Amino acid sequence: MAISKIIIRLTLSTLIFLMGTLLFIGCDNKPQTSGTAHWDIVDVLPVGIAQPLKINYDNKINLVGITIIKLSSEELMVFYFWQPLQELGAFDKVFVHFTDANNNILFQNDHSLDPSWSSKKSHGKYIREMQRVKIDKGPEVKDCYVKVGIFAPDLSGWPRLKITTSGGMAIDESSMSAIVDHFIF
Amino acid sequence: MTITASSITGFDMRSTSAIAFLIILITLFYGVNKVFRTQAAVDLTASNAYKILSPEDKSDILIMGSSHADGIIANYLKINHGLSVGKFSIPGSNPEYNYNLYTKYFKKYHENKPSLVIYCVDWFIFDDVNALRRKIDNDYSCLPRHIYASESIYNLKDIQKYVSCLFPVFRVDRNNLSHITRLLPNKSVSTTPSSYRDSEDRARAIVGHVSDGQFYYFIKLLEEFKADKIKVLLVQTPEYLKVKYGASYAHNNNILNQIADLYGLEYLNYNHDKASSINYDKNNYADWGHLNSNGAVAFTQLFNYDLNKYVENTLLNRARKDDDVL
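Chains as they are written, first to last, in the numbering used here: chain P, 1 to 185; chain H, 186 to 511.
No wet-lab data here; the hints were simulated from the structure. The structure presented is a predicted model; accordingly, all values stated were derived computationally and were not measured. Yeah, the Cβ is synthetic: ideal placement off N, Cα and C, and Gly gets one too. Please note that a few of the clues may not be correct.
[To be verified] Which bits of chain H does chain P cover? Going by a derived footprint, with three or more residues having C-beta under 8 Å, they are: (1) 233-247; (2) 289-302.
[Stated by the list, open to error] The following label-pair restraints were derived from C-beta to C-beta distances: (3) H:Lys292 with P:Thr14: 39 to 49 Å; (4) H:Leu487 with P:Lys121: 32 to 42 Å; (5) H:Asn498 with P:Val42: 51 to 61 Å; (6) P:Asp110 with H:Ser462: 50 to 60 Å; (7) P:Phe107 with H:Lys243: 27 to 37 Å.
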């Protein structure tokens, strides 16, 4: 009798434990990702990039492409395609200036590069990054140029990485930023 | 040790009632789980769609998308050159779902690579908040058995997901209780503002949010197809056009047009430039966005013609390219 009682109790507690465990692992109420930045690391350069590029920033990182999709007159979706080559160190931020023909900044998409891109295992691979960009000013301007450079926000004077090769894209006088794309509002 | 009659009776009574209790508990659990499986996950439709992962399938053309893709009846399509059509559309599936479906399972287990994917895009394709909320984690049980076994054994880090998907009764999404309210006698009870049981105008006004995540996965999926040298034809199946649209309708269609241009894809929009009488006859619709069987038959005939035209043009272009190479 005692044994049968123990068996029944054990079975019941196992059942309750199993149900509890499944309840714990089964509940998936997390919302789907809807943040501001999305990126992933891929071995092969994705195909279908609207503006293929070959811009090398001091042999540390390449910008290999950019795709801009206009969501509306107020927002853009920008895809950047990077190829890290070395440790980025303090140079962990990218400035992206959307300017008019006279080099006046209309709006920007300055953002940090993820620290994991600096790690050795990312070197030589490709990073596809997407950013949603708010347009503060623009529709009254016809042409818009996109200038991209890398800088170190934590070092005094915010030094920038020098562009070693630009793959034919126009660069500024000090070789610190390149005009990577141009579009019309 | 002496066993008395009363102790035997007591033991029997107690053990019998405990066993009976256990049986009732297990039956209840099994029954409720079964109801949740059919009510919550539309498992049957998904399971049927997942059958295309079997090695026997040799479809040259694959139809993907959400429930709106049901407006195309694959079996009714008669494509020139003997091309066969398979359907891999899951109700409520969003680009993230379809990206995972394609990269995690289709590429891995489906031996025959299709030459064309017909992706049925909804104008609210990026809305994973109010419309397309299906998650692939909840559908592992729909996988064909050999794939389920192989994935759950070799993918140990996801084993919890593979096991728990067999018990949807525990997968209650507190943000979406529609599958519970559906069990109630009063069908009009709704707990979600986005419910399609709302008035049709309101339903259209609500959907259309552009989620960054879904946008990202859609682009990734197109890039994946391009890398695999699979042609993509974007199709928007007919909706009932005599109902008001929200502001996001034009906005989202504009995004889809841009994406099609950017990736050089043909885009057949049967709610805009290719709209027909099907769009204005309510008898063709189950609700504002879903064709019923009459509508699906009518639309499939129309689409069959356009698809054949597309196939001929694509083959012609390929032949021209081959000639150039020669």
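Verification of the hints:
no.	hint	result
1	233-247	violated (count 0)
2	289-302	violated (count 0)
3	H:Lys292 with P:Thr14: 39 to 49 Å	40 Å, holds
4	H:Leu487 with P:Lys121: 32 to 42 Å	51 Å, violated
5	H:Asn498 with P:Val42: 51 to 61 Å	32 Å, violated
6	P:Asp110 with H:Ser462: 50 to 60 Å	52 Å, holds
7	P:Phe107 with H:Lys243: 27 to 37 Å	51 Å, violated
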